[in-house]
Structures are given as C-alpha cells and as structure tokens.
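Please build the complete structure, drawing on both the sequences and the hints.
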Amino acid sequence: MRFGETPLDEAEGAILAHSLRLKVKTFKKGTVLDAGAIAVLREAGYDSVVAARLDEEDIAEDEAANRLAGSARGDAVTASAAFTGRANLFAESAGIVDYNPERLNAFNLIDEAVTLALVPPFQAVESGQMIGTLKVIAFAVPGDTVLLAEAIAGRDKPLVRVVPFHTTRVGLVQSRLPGTKESVLNSTFEVTRSRLHPMNSEICHQVRCDHTTDAITKAIDETLRNGAQLVLVSGASAVVDRRDVVPAAIEKAGGVIEHFGMPVDPGNLMLIGRIGDVTVIGLPGCARSPKLNGFDWVLGRTIARLPVGPDEVMRMGVGGLLKDIPSRPMPRSRVSALVDSGGTGKVPARAPRIAALVLAGGQSRRMGAVNKLLAEIDGTPMIRRVVDNVLSSKADPVVLAIGHEADRVRAALGGCPVIFAENPDYADGLSTTLRTGLATLPTDIDGVVICLGDMPKISADVIDRMIAAFDPIEGRAIVVPTRRGKRGNPVLFAKRFFEDMGRVSGDTGARHLIGDHDDVVVEIEVDDDAVLLDVDTPAALKALIDENASGDGA
1 MRFGETPLDE AEGAILAHSL RLKVKTFKKG TVLDAGAIAV LREAGYDSVV AARLDEEDIA
61 EDEAANRLAG SARGDAVTAS AAFTGRANLF AESAGIVDYN PERLNAFNLI DEAVTLALVP
121 PFQAVESGQM IGTLKVIAFA VPGDTVLLAE AIAGRDKPLV RVVPFHTTRV GLVQSRLPGT
181 KESVLNSTFE VTRSRLHPMN SEICHQVRCD HTTDAITKAI DETLRNGAQL VLVSGASAVV
241 DRRDVVPAAI EKAGGVIEHF GMPVDPGNLM LIGRIGDVTV IGLPGCARSP KLNGFDWVLG
301 RTIARLPVGP DEVMRMGVGG LLKDIPSRPM PRSRVSALVD SGGTGKVPAR APRIAALVLA
361 GGQSRRMGAV NKLLAEIDGT PMIRRVVDNV LSSKADPVVL AIGHEADRVR AALGGCPVIF
421 AENPDYADGL STTLRTGLAT LPTDIDGVVI CLGDMPKISA DVIDRMIAAF DPIEGRAIVV
481 PTRRGKRGNP VLFAKRFFED MGRVSGDTGA RHLIGDHDDV VVEIEVDDDA VLLDVDTPAA
541 LKALIDENAS GDGA
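In terms of this note's numbering, the sequence shown is residues 1 to 554.
In case anyone wonders, no lab produced these hints; they're calculated from the structure.
This one's a predicted model, so the numbers in the text were calculated from it and none came from an experiment.
Errors might be hidden in some of the hints.
[Unchecked claim] Mimicking BS3-like on lysine-lysine, the simulated pairs with C-alpha atoms at most 30 Å apart in a straight line are:
| hint | residue 1 | residue 2 |
| --- | --- | --- |
| 1 | Lys486 | Lys394 |
| 2 | Lys29 | Lys394 |
| 3 | Lys135 | Lys495 |
| 4 | Lys135 | Lys542 |
| 5 | Lys486 | Lys23 |
| 6 | Lys486 | Lys29 |
| 7 | Lys181 | Lys218 |
| 8 | Lys486 | Lys542 |
| 9 | Lys135 | Lys25 |
| 10 | Lys181 | Lys323 |
| 11 | Lys323 | Lys25 |
| 12 | Lys181 | Lys157 |
| 13 | Lys181 | Lys252 |
| 14 | Lys495 | Lys25 |
| 15 | Lys157 | Lys394 |
| 16 | Lys157 | Lys135 |
What follows is the structure, given as structure tokens:
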C-alpha cells in the first residue's frame with residue numbers, strides 16, 4: 001500500500017486518509033475517490049490529497065477484518081460485518097469465554113496492522129455481549145499477512161469460543177449454629193438463586209441443618225436424592241482445614257476432597273469435592289454477598305462443564321485480587337451485575353438492538369387501481385419479498401406498518417413472524433404510518449431501520465452492513481446506503497431521533513433529519529442499484545417483473 005500526498009491526477013480509486021469539509025460537500029475519511037469527487041476537489045482548489053493507494057496484493061481493511069473474524073470465531077460466537085476495518089465479536093449464548101492467551105498473543109504479534117482484543121479468558125458473559133473486537137489498523141494489509149493471521153486464528157480450532165452454560169439442578173445446604181439468624185440464611189438463598197439465574201440454572205432443593213458432620217452429611221444425601229446435579233454447602237463457620245466439618249461431611253457422604261483453597265481474594269477458603277459424578281462446593285463466606293468473588297469463577301466454569309481441578313484453580317491468581325483497594329477506580333459496592341464485567345463495574349458492551357420498520361400503509365396512488373405491494377413478482381407478492389429479505393437480516397423485531405387494504409396485506413404475509421401496526425389514518429399521508437410504526441417498536445431497542453414496502457431488491461446483506469456501521473458513541477447515529485455517491489434507502493436511525501421522527505406531518509417521512517444531522521451521518525457504498533429502486537409507477541413495476549422473468553433479478 002502506498003500512502004501519502006497524492007496528486008489528483010493519480011487519485012482516482014485512492015482512499016482519502018482524512019476528512020475534508022468543503023463548502024459544497026464533505027468528504028469523510030475512508031472515502032474512495034471517484035472522478036466526480038476529484039472534480040469537486042479540483043473546483044475547491046485542491047491539486048492533491050493525503051490518500052492510500054492499494055497495491056495488487058493488498059486486501060482492503062473490511063475484507064481483511066471479515067476474513068480474520070470468521071477464522072477466529074468459534075462455537076457460540078458471532079461476528080458483525082466489518083466497518084472501517086473493525087469487526088466485533090459477540091456471545092451467541094450465555095456462557096464462559098474460552099481461549100488460549102498465548103495463541104492470542106501470537107496472532108497480535110504477526111503485524112502491527114492486525115489486532116484482536118478479547119475479554120479476559122474464562123469471563124462469564126451474557127447472550128449478545130461483546131467479547132472482542134478485531135481491528136485492521138491500516139486501510140489495507142498485504143495478502144500474505146492475512147493468510148498467516150488466518151492460519152493462526154483458525155489452526156486446529158478457532159481462536160475463541162463461548163462455552164454455553166448447561167441447565168443445572170442445584171442443591172443448597174446451609175448449616176446453622178446457635179445464634180445464626182434465619183434472615184442470613186434467607187439472604188444467602190436469594191443471592192445464590194440470583195447467581196444461578198443468568199447461568200440458566202436453579203436451586204432444585206434446599207436443606208437447612210445443624211453445623212455438624214452428621215447433619216450436613218444427611219442434608220447432602222437429601223439433595224442428591226432430589227436430583228441435584230451440583231451441591232453447594234454454605235457452612236455456618238468457614239472451612240479452615242481439609243479435616244473440618246464440611247469436608248468431613250462430604251467424605252462421609254461417599255465423596256472425596258479434590259482441592260481446598262484458591263489464590264483469589266475474596267474467595268480464598270474455597271472447597272471443591274466430588275461425590276460420584278456430582279461436584280460439591282464448600283462455599284467461602286464471601287459467597288453470601290452478591291459482589292464478585294472467587295466462587296463466581298468456580299461456579300461459572302462448573303456449570304459450563306469446563307475443568308475446575310487443582311491446576312485450574314491455582315492458575316486463577318493472575319487477576320485474582322478482587323478486594324476493594326484505594327486505587328480502584330470503581331469500588332465493588334457499585335457493581336450490581338452478577339456476571340463479571342471484567343472488573344470495571346461497567347455495563348458489559350453488547351451488540352446494538354436494531355429493529356426494522358417496514359412502511360406498507362400507502363394507497364399507491366400513482367399505480368392507479370393496483371396495490372403495488374400485492375403485485376406478484378415470480379408468483380410472490382412484492383411486500384412478501386421485502387419482508388422476507390428484512391427477516392433474513394440481523395434486525396429484530398420486524399414491525400410492519402399497514403393501512404390501505406390491511407387485511408389483504410396481512411394475508412400476503414401469512415406465517416411471517418412480524419409485528420403488525422395498523423394505521424387507521426393512512427389516507428393522511430406517509431407520516432401517519434411512520435408514527436404508527438414507531439409507537440409499536442419495543443422500548444429497549446437502540447435504533448430502527450426504516451424500510452419501504454416497495455423496494456423488494458434490498459438484501460439482508462445491505463441491512464446487516466448498515467447495522468455493523470451503526471455506532472452512536474463514535475458519531476455514527478444515522479446510516480445511509482449510497483450508490484455511486486447517491487443516497488438511497490433504507491435508513492437506520494438511532495433511538496434519539498424517534499421523537500423528532502414522530503413530529504413529521506403530511507405525506508413526508510424522516511429523511512430531512514439526515515440533512516439536519518449530517519455530522520452523525522455515515523454512508524455505506526453498495527455495489528448495486530437496489531437502494532435507489534422503488535417501484536412507484538406501473539412502468540417501474542413492469543420493468544421489475546420483466547427483469548425477474550429474464551433471470552436477472554433478485
């Protein structure tokens with residue numbers, strides 16, 4: 001790749017290195033310069049720009065990021081489509097992140113232009129939580145570098161996986177001494193139940209007994225008879241020796257003690273035993289608290305069916321100091337989440353929740369008596385084609401705003417998992433259908449892709465690329481597809497714009513917001529005309545039908 005000051009005579013196809021704000025147009029960093037862009041730059045007085053020019057053996061940043069993310073992601077890990085060289089990795093299910101740190105280091109040592117950041121190994125994560133980000137630093141990397149990185153990321157098995165939690169029936173034994181308060185035992189039960197919930201597990205049987213070897217032995221036996229697949233023993237007094245009351249009870253119940261103690265604080269006095277195939281954990285006193293401690297680490301791996309033997313436990317000392325210390329930027333008292341957030345106390349990053357809103361309520365006045373949404377293309381109603389494509393994308397849920405001939409539109413979508421929003425005021429214009437759809441969207445989404453019901457060639461890939469580009473924190477709150485520099489549809493809006501979108505009136509949509517908020521607009525260039533093609537005249541419909549009949553259409 002050649003990088004530096006580039007004469008405009010040599011700049012066609014080059015990648016702009018820095019944003020340029022002109023009076024007539026803004027060219028953003030990463031823009032691929034075409035003849036039209038170069039003409040605008042000349043008119044503005046430029047004779048050169050700082051740009052990158054790819055050599056034949058180079059691989060562009062997004063293609064490289066997509067390839068490497070695909071090689072690195074293993075079981076229960078998904079990757080977003082790359083944007084500006086970044087592809088994020090997400091957990092597909094709740095579980096434990098599993099990878100070899102040395103292998104990650106080997107990947108990152110290949111070339112400074114290729115980087116992969118992951119959460120700490122063995123971190124517990126929620127479904128949808130971000131676990132890593134792959135970033136290609138340069139605008140392009142040599143093909144040989146990508147091949148080597150792919151080999152390390154995918155050798156034998158992919159570099160990173162999420163091991164899902166297995167639904168587990170848990171028995172809880174709590175012992176008491178004279179003076180032990182029932183409120184303490186009740187609180188321990190609730191804290192333990194809350195710990196198990198994000199791990200898809202539950203307490204199937206609870207026993208409270210005296211703090212004696214015989215009583216605890218009988219209580220353990222009772223939980224096993226009631227189907228416990230994991231037994232937790234919370235003693236009234238901390239275990240201080242392998243021959244103490246709780247370990248003695250495990251052995252008397254026919255079990256063995258596999259390990260006592262761990263290099264994690266709080267959590268040092270952890271006891272791990274086994275009765276047949278059932279793991280029995282003697283809880284440290286800190287397990288009564290919801291704050292992160294060594295028990296969380298052992299519990300997560302146990303429920304994910306990962307090895308938790310003496311070797312694994314004694315390797316937990318790296319990062320094992322979890323106590324509050326004066327220099328800690330956020331005390332654990334502020335950490336309410338039961339799933340470890342990596343020790344930061346921050347809400348775990350997750351994939352944005354993006355819904356889709358398909359506008360299908362208009363009367364198609366320019367089509368005459370024909371409802372274009374019900375017109376068949378290769379035997380399939382147009383609106384069905386649109387919805388099928390949207391359902392194939394990562395947008396979820398899909399809301400369909402209907403109005404004109406609502407019953408017929410519903411019938412055309414029989415069996416489709418969409419949410420219908422019926423607009424009784426559809427005759428008053430597009431804005432009323434937009435408002436009806438917005439009011440039906442879930443409250444917990446981060447944004448919505450506004451799709452038109454008469455654009456049947458928009459692919460799921462285009463929508464997924466838009467979702468991948470969406471990042472309001474980095475100033476990408478509106479995403480617009482373009483074809484040869486011309487803006488098209490659909491458009492993705494962040495939730496912050498919903499209120500303004502709901503104030504539009506008449507037969508207009510929300511596209512004016514794009515111009516009003518150009519500083520947070522990001523464009524993604526696509527390689528076909530689908531984003532510009534809406535079927536709003538009989539001639540356009542005939543052309544589309546003829547194109548599909550000839551085999552050239554989608």
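Verification of the hints:
1. Between Lys486 and Lys394 the alpha-carbon distance is near 25 Å, which keeps this suggested pair within the 30 Å criterion.
2. Taking the CA atoms of Lys29 and Lys394, the gap is near 27 Å; set against the 30 Å cutoff, the hint holds.
3. Of the supplied pair hints, the one linking Lys135 and Lys495 holds, its CA atoms being roughly 26 Å apart against a limit of 30 Å.
4. Proximity of Lys135 to Lys542 is assessed by CA-CA distance (about 45 Å); at most 30 Å being required, the pair is judged violated.
5. The suggested pairing of Lys486 with Lys23 holds, with an alpha-carbon distance near 18 Å, which does not exceed 30 Å.
6. A threshold of 30 Å between alpha carbons decides the hint, and for Lys486 with Lys29 the separation of about 18 Å falls inside it, so the pair holds.
7. Taken as a hint, the Lys181 and Lys218 pair is honoured in the structure, with Cα atoms around 22 Å apart against an allowance of 30 Å.
8. A threshold of 30 Å between alpha carbons decides the hint, and for Lys486 with Lys542 the separation of about 24 Å falls inside it, so the pair holds.
9. Restraint check for Lys135 and Lys25: the C-alpha separation of about 29 Å stays at or below 30 Å, so the hint holds.
10. For the suggested pair Lys181 and Lys323, the alpha carbons sit about 26 Å apart, so the restraint of at most 30 Å is met.
11. Between the alpha carbons of Lys323 and Lys25 the distance comes to roughly 54 Å, so the proposed pair goes past 30 Å and is violated.
12. Proposed proximity of Lys181 and Lys157 is contradicted: the alpha carbons are some 51 Å apart, above 30 Å.
13. At roughly 27 Å between alpha-carbon atoms, Lys181 and Lys252 fall within 30 Å of each other, so this suggested pair holds.
14. For the hint linking Lys495 to Lys25, the alpha-carbon distance of about 27 Å falls within 30 Å, and the restraint holds.
15. Simply put, Lys157 and Lys394 have alpha-carbon atoms about 26 Å apart, close enough for the 30 Å limit, and the pair holds.
16. Proposed proximity of Lys157 and Lys135 is supported: the alpha carbons are some 21 Å apart, at most 30 Å.
Of the hints listed earlier, those the structure fails to meet are numbers 4, 11, 12, in rising order.
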